[in-house]
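**Student:** Spelled out from the first residue to the last, the chains are:
There are 2 protein chains.
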Amino acid sequence: MKIRPEGEVSRRQLLQMGLATTAATLVPAGVESLFPPQALAQGQDPLPSWNDGVAKQAILNFVRVTTSSSSGHFVPPAERVACFDQDGTTWVEQPMYTQVVFCLNRVPAVVKAKPELANVEPFKTVMSGDRAAIAKLPTADLYKILGATLTGMTVDIFRDQVQQWITTARDPRWKKPFTELTYQPMLEVMSYLRANGYRTYFVTGGGQDFVRAYCDKAYGVPVEQVVGTMGGITFSYNASGKPILTKDPKLLLNNDNAGKPEGIHLMIGRIPHAAFGNSIGDRQMLEYTKSGDGERLAMLVIHDDKDREYGYGPALGLPASKIGTFTQALYDEAKAKGWPVISMKKDWKRIFAFET
Amino acid sequence: MKIRPEGEVSRRQLLQMGLATTAATLVPAGVESLFPPQALAQGQDPLPSWNDGVAKQAILNFVRVTTSSSSGHFVPPAERVACFDQDGTTWVEQPMYTQVVFCLNRVPAVVKAKPELANVEPFKTVMSGDRAAIAKLPTADLYKILGATLTGMTVDIFRDQVQQWITTARDPRWKKPFTELTYQPMLEVMSYLRANGYRTYFVTGGGQDFVRAYCDKAYGVPVEQVVGTMGGITFSYNASGKPILTKDPKLLLNNDNAGKPEGIHLMIGRIPHAAFGNSIGDRQMLEYTKSGDGERLAMLVIHDDKDREYGYGPALGLPASKIGTFTQALYDEAKAKGWPVISMKKDWKRIFAFET
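Taken in order, these protein sequences are the chains called Z and B.
For the first sequence, the residue numbers in the numbering used here are 281 to 636.
For the second sequence, the residue numbers in the numbering used here are 281 to 636.
So here's chain Z without its partners, still in its complex pose:
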């Protein structure tokens, strides 16, 4: 790296240090036209895994309009917030949420630590390895498993457990780490927004501490930018008198549905300028995003590519009973309100980085 005179840093250095913003965000209103948005100025396509179309143009247009003071919809850098659902929006959520796989995989260790659970349901069924029986476990049993595997330990031990698991666990279809099943086109959107001064947040129904364990490495999202389902935390001292924080089996906020805008207010305190979701659990977040003044972007990812990923969203010509009426309702709302819909099949050139 070339050493520059003290006090000057190149954009490349800024980008490398995660402090990237466009020149347009660093200069006062009026002169930004000298500094067109970052990726375009370099003549590079900032979204190379996207086919040209309404969805891609909506993203490019949103960034252009909100970072150009002459557009009339300029958003000051401090207010640039973009929120992403995770499961089904930035990585695969089929056949089971990754966090649920983690919880099931943790059961043997929990039973080893508490052998009396071996003959207690639902732990007995999970230990049997009978996939069909496990898939049929009722919701109440699932919550028992979540409680036993997501709470009761310190936040440090939990983070270590997740980080160790996620480097070794493999998805059943692609036989790859879950962190490689992130959608390359969405990673490009996140990078593009960050390069233009947006802070990218996860707003996920998943556990906040779970997502924090890998969000930086897998997505470039720092831990403080994860708004997730929050459990209680209890401060105490260990036997050596050192402060520790323990995860409680108490729900503070179910960060799904109406909980998403509630969590956004608690954790961020601003209405996002952009939000991306894929299911009915994202409805209120998308509506809340669009409730802000000026230019706001709400987008919906549709799972309509059963060959390259999974086909379970609306708009597949399937009867409502096959796709879930609630997701269909959100799709219909998006269409009615003009929110750009992202078709995985039509809009994405490739879905995963490992595709050739």
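If you're looking for bench data, these hints aren't it; they were derived computationally from the structure.
We put the beta carbon where it would ideally sit given N, CA and C, even for glycine.
Careful, some of the hints might be misleading.
[Claimed, not checked] Listed next, the stretches of chain Z that the computed footprint assigns to chain B, with coverage defined by at least 3 CB atoms under 8 Å from CB atoms of chain B:
no., segment
1, 501-510
2, 521-535
3, 541-548
4, 564-577
Please arrange chain B on chain Z, whose structure you already have, making use of the hints.
**Tutor:** Positioned in the frame of chain Z, the structure of chain B alone reads:
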């Protein structure tokens, strides 16, 4: 402003845009000695309102050590978090917390909207204007007033109420807006830390939404960096179908005492590298901060200057019964553990910016 070639920004531009960091934080390990910490490099004292002494040197040393890769205690920019208590640490908390003054001042409007409260305690006493009687209201009555004035409205209306009030309300002693009763030396510490890549957070027992209404203007702290006492938030739609968020009379987290490290984990997810407090409510935050590895700074502001501010902290030679045994206990802990104590009388050249 001189227009530089695209892709280059000067440090001054960075500073002006609030994206300041030292050059030392922007270059890889090994070359940082070419870029000594920001303020010192310019030959300016970054803490001009501080007298030289142990407290000032502790702050300067902390920044030097954690931003110099050769120190062995370099902290990557993404991990630089500094937490500040507000009441009594960055602004005056006597004779009453500012938020409590706001709540009392809001009572007439609440009674006007609900006239049936005029003859109901504690509203009747507050409406009487009898200061002595108001000061004697029991805690349960105070909570009724907090509930009636801090909840039940949308987050937007509440923010507007606080912002309107705080521009007009005056402190009884100095007859100045409360936002001018911020401690100039602490504002300098916050700016100095930010100029060196630290994100400065409030970690306050005060209401999160209350502090968010003025934190940016008064302290340069953005709304997402306020960890405060959190109430429930409910998402719904107004009569026009627009999403709204309403403040509930439900406590999610009492961000005081053990609640401070719990709130830090929920909102930030990192152990701070520096924390500043002044009362027993800050004890666990300071202990938690020191529990992290490497260089960590925990500092305690002592109110020992009754002429320029108030004298109510420990170390005044007063009997414990006069100063509160719990605050004395924290002072003793700080001394025993070597946490630098800040004497307002000895360490601060001036307390307020309006002093000549």
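**Student:** Now tell me if each hint is right for this structure.
**Tutor:** Going down the list of hints, with the structure as the test:
Check on the segment 501-510 of chain Z: 5 of its residues sit with their Cβ under 8 Å from a Cβ of chain B, so the three-residue criterion for coverage holds. A count of 5 residues in the segment 521-535 of chain Z with a Cβ less than 8 Å from any Cβ of chain B is obtained; the coverage claim is therefore met, three being the minimum. Against chain B, the segment 541-548 of chain Z contributes 6 residues with a C-beta closer than 8 Å to a partner C-beta. That satisfies the three-residue criterion, and the hint holds. Coverage of a stretch by a chain is defined here by at least three residues with a beta carbon nearer than 8 Å to that chain's beta carbons; for the segment 564-577 of chain Z and chain B the count is 4, and the condition holds.
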